[in-house]
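Residues per chain, in single letters:
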Amino acid sequence: MIKAENVKKVFGTVTVLEDVNLTVNPGEVVTILGSSGSGKSTLIRCINGLEKLDGGRITVDEFDVAKPKELAEARKRSGTVFQLFNLYPHMTAVQNITLAPIEVLKRPRAEAEKEARDLLASVGLGDRADAFPSQLSGGQRQRVGICRALAMRPRYLLLDEVTSALDPEMTAEVLNILAKLAAEGTTMVFVTHEIEFARQISDRIVFLEKGKLVVDLPTERFFAEDGGLANPRVAQFLSKMRKD
Amino acid sequence: MRLDLSILVPHLGFLAQGALLTAQACGLALIGSLIMGALVAIARTSSSKWLRRVAFAYVDLFRNVPFIVQLFFFYYGLPELGIYIDAFTTGVLSLSIAGGAFASDVIRSGILAIDPGIIEAAEVSGLSRRTTFTKIVLPIALRTSIRPLGSVFVNLILTSSILSTITLNELTGTAKIVASDTFKPFEVYVVLLVVYAALTYIVSILIGLLHKRLNRDLVDGAVA
Amino acid sequence: MRYSEFTPFDIVLLAQGLGVTIGLFLATTLIGLLIGVGLATIRYYRLPVLTQIVTFITELLKNSPVLVQLFLVFFGLPAFFKINVTPVEAAVITMSGNTAAFIYVIAVSAIESIGRDQIEAARVFGLARWQVLRHVIAPQATAFAIGPLTGLLVNQLQVTSLISVIGVMDLTKIGNTLNLRTLQPFVVWAVVGVLYYLCAKLIAWLGARLETRLRAHTAWKGL
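So the sequence lines, in the order shown, correspond to chains S, F and X.
Its first residue numbered 402, the first sequence is counted upward by one per residue in the numbering used here.
Its first residue numbered 1241, the second sequence is counted upward by one per residue in the numbering used here.
Its first residue numbered 32, the third sequence is counted upward by one per residue in the numbering used here.
Keep in mind that the hints were calculated from the coordinates and are not lab data.
Among the hints, erroneous ones may be present.
Beta-carbon label-pair distances, calculated as ranges [unchecked claim]:
hint : chain 1 : residue 1 : chain 2 : residue 2 : range
1    : F       : I1354     : X       : F40       : 54 to 60 Å
2    : X       : E36       : F       : L1279     : 35 to 41 Å
3    : F       : P1379     : X       : L211      : 45 to 51 Å
4    : F       : E1360     : S       : G428      : 23 to 29 Å
5    : S       : A566      : F       : Y1441     : 39 to 45 Å
6    : F       : Y1441     : X       : I42       : 42 to 48 Å
7    : F       : G1357     : S       : V411      : 18 to 24 Å
8    : X       : V43       : F       : I1442     : 45 to 51 Å
9    : F       : Y1441     : X       : L211      : 35 to 41 Å
Here are the computed lysine-lysine pairs in the DSSO-like style, where the Cα-Cα straight-line distance is at most 27 Å [unchecked claim]:
hint : chain 1 : residue 1 : chain 2 : residue 2
10   : S       : K468      : S       : K404
11   : S       : K468      : F       : K1452
12   : X       : K93       : F       : K1452
In this text, all values refer to a predicted model and were calculated from it rather than measured experimentally.
Beta carbons are placed, not taken as given, at the ideal position from N, Cα and C, and that holds for glycine.
Kindly produce the complete structure, drawing on both the sequences and the hints.
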């Protein structure tokens, strides 16, 4: 279980997150929505320890991310997929995926490689396993990024706007894989602009507005007139996104 | 006033020995410079302020003091400490320390040019600092800095001529001997000049090829 | 038991050596500037054969050891041309030529950094080529070149230490003398090193000041 309690994060003079409370239970798919600058990515980066909290507490399976030794354990249990892929450019797809399992989880190389190739095959990249990131399209790189996160067999998958840098065709490729993962019961925390997709796969949707978590509802309730849409900011946001 | 280069012919074997010594000294000093340069570059980009200061002081010092002074410092000074090493080793040591100062600047630029997102991906998957440096940061930084590192190597080759002042018979040292043996210093030194220039030219070309080869996977090429 | 201790007179010796080093450095820098900028100007006028020759010689000087260049001038020229060359003369000739080669490259790059549009505009208004050079190119190229030039000069200061090998009584040669007499290499070479270091820092600081002044006219002054 991921638990965020009274989380506060400040950048200089700007309070990016204020008093955020969020719980993610195993097996849930939670989507975080909000306009730019609302603090969505920052929240994910606080959960995986890339940003330090200025107040409050986040625990992943009872491990406090503010404590270095416990953060290491927390990181073993969560995998992150980035908006800009962040693949290691000097390594092939397989090498990208096997690096952490070999170095951190101490898995034998042969076993890690086999699993990597299986993962790549499951996302349709079986024949590109030995390609370098520079030889792959954006959508393919992101699929490798997903495999890289999955290779650590994480309990929780953190996805930070993973399709925002892709064109519509590649976006569809990646979303298909994520839908499959959700259906298989993977716990996912999802920051995205893809409202329709979120509606299809999420169990819960939370809405961030200027650093505050203002709505936290099950998906159907979120899109109901008397539920999420009752909040004027949510309604405004959704209509704006639908127009684009 | 005739330029007669044929007088050099009987001495070519001797000169070749000198060239070999230069090659050995420069080869070893290159490795030494890379190791020193990488270590100092890591220190200069570390989060420890003290480490950064010490590393900066080292680079600042060895870049603003003439190499011959550094060389004499070690050559005459080390025996005082009871450390008796031969001229070749002293020369390689000195070249490595000076070369390391220049190399660290280059490698540091290479490290700073790495997309921070890549480091974040490594951090988040639980890789230790040491593993991140050896498997991700350094391999990328070295690949992108091949060309400027090539300049450092060329500089190393030219600076190695100064080792002749501590009785080392590398290329310049042997040339001096040949010049006094043949009484034809002009011919000898003109040829020597051209040989060094040709050597550095060849090295530059090889560095260019190495750069292309190591970076061909890093540059965005054809997309599937 | 020490062969000989340090005496107050040694400070005078060091000062003399430093004086020779700085004097030679300034003289060769000046000559190098004149020759280097002069050659770059010739290239600006695009004289055909000369440019190739100049490029060949400057590349040769830039990519060979200065020590070998010194030996060539000091040992080679007298033997070949049957003339007399004193250590100081050889040092001046070699260092000036070497500095000129590097300055030539910096000057050419600085001139070429000026956008063609400015030059074309000036020519269209009827300015002769030398006028364009003087009023449009020179000021901007100078401001552009100060940075690389400062770096070069700091380096050339270090290079002057090699003239000690052919017998010029510069700071390094004094260091050798003191080292041989007092047999205290750590003290001697540390002091010599510090003196070179301070001079290098002075040059770097002056260069930075000059650059700020020259670039002042392009600084963003705000609305």
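For a quick check of understanding: which of the numbered hints are violated here, in increasing order? Of the numbered hints given earlier, the structure breaks just one, which is hint 11.
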